[in-house]
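Asks: In our numbering, the protein residues as written are 3 to 361.
Don't read these hints as lab results, they were simulated from the structure.
Just so you know, not all the hints are guaranteed correct.
So the derived label-pair ranges between C-beta atoms look like this [stated by the list, open to error]:
1. P189 - S95: 43 to 49 Å
2. I327 - P170: 35 to 41 Å
3. S326 - P189: 31 to 37 Å
4. T303 - G108: 43 to 49 Å
5. T103 - T303: 41 to 47 Å
6. T282 - G55: 34 to 40 Å
Derived lysine to any residue pairs resembling SDA-like cross-links, with alpha carbons at most 25 Å apart [said to hold, decoys possible]:
7. K61 - D48
8. K61 - S36
9. K61 - G80
10. K61 - G74
Predicted, not measured: the structure shown is a model, and the values here were computed from it.
For each residue, glycine too, the CB sits at the ideal point set by N, CA and C.
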Amino acid sequence: MTRLRALVALAALIVAGGLVAVIPATAASAAACSASWQAPAVYWGDAQVSHNGRNYRAKWWTQNEAPPGTTGVWEDLGACGGGTTPPTGGTCSYPNWTAGTWYATGAIVRYTNGSYYIAEHDNPGYDPVVSTWYWEPYTCGGQPPTTPPPTNPGGFVVTEAQFNQMFPGRNSFYTYSGLVAALSAYPAFARSGSATVQRQEAAAFLANVYHETGGLVHVVEQNTANYPHYCDYGQPYGCPAGQAAYYGRGPIQLSWNFNYNAAGNALNLPLLTNPWLVQTDASVAWKTGIWYWMTQNGPGTMTAHNAMVNGAGFGQTIRSINGSIECNGGNPAQVQSRVTRYQQFVGILGVSAGANLYC
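Kindly generate the complete structure, drawing on both the sequences and the hints.
Replies: Written as structure tokens, this is what we have:
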């Protein structure tokens, strides 16, 4: 019995020793997962990501190529996860996000909602839940975020949070839902060209809208003395709603009886006889703004839509709206106001402003 007990003890020691040897080896070979790879994100050299249970390191700049890829840009660092990966919501100890603080790519912060975010691009303290091009959700251990990113109703490239950031003091009449509902009138609006061009066009439209309405504050033209001056009796249809009925309304401040007639015909709305629809129905108001943007050259040589989609630049959208009143040195301060707003809005949407900003 003594010999048997000794053999059993020896076997136990061998098994225990094996376990001691195996456990650390497994832990050492399974590193914690890096932040999950995201298709739209730009990764620079030495950036680390995880994908399908493995860690990868970018050798140079890359975008939209899922690891392991086909160009050799991703270096396989081996399997990740296993026993060393902290559970979701693990021990993060990153600093609180502070608005206005400069954050470099890769910085991780704790937002006011308690969640963590990693900077995908350098930024001057943009809000992580608004400027989603600059930030993405981050969870300790690289596990996928528990809540999916918000989707954009109607496929619009501007989220409601971004819209609210652009127009913090807007009139309650100008609803985001009204804007999204109006998109169906012109499906090519902010959906033509590359993802960058789509965001640039949306930013250009909203920047001009901001300028025309004082930040979406004014629904109707403020100078009532102008109201009787927008009736062109030379038109065969005249001014059936009254001489003073065709004043500026809506996000582009639609004015003149011939513009109400043309917009009404295009949108199948009785705007010539009932121009007040533009100031009482948010969707109608937005539709008239998009109608002008998509179809009218105004005093310019092209529509604002074509200016943005075909690379003529933001300056030509100003010309299509106000022509020489502002362009060609007519009012450089007003041009600068529009340009400054456009630059702010493309920043919120995470794209460059492009060339030819002035007219």
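Asks: What are the numbers of the hints that this structure violates, sorted from low to high?
Replies: 2 and 6
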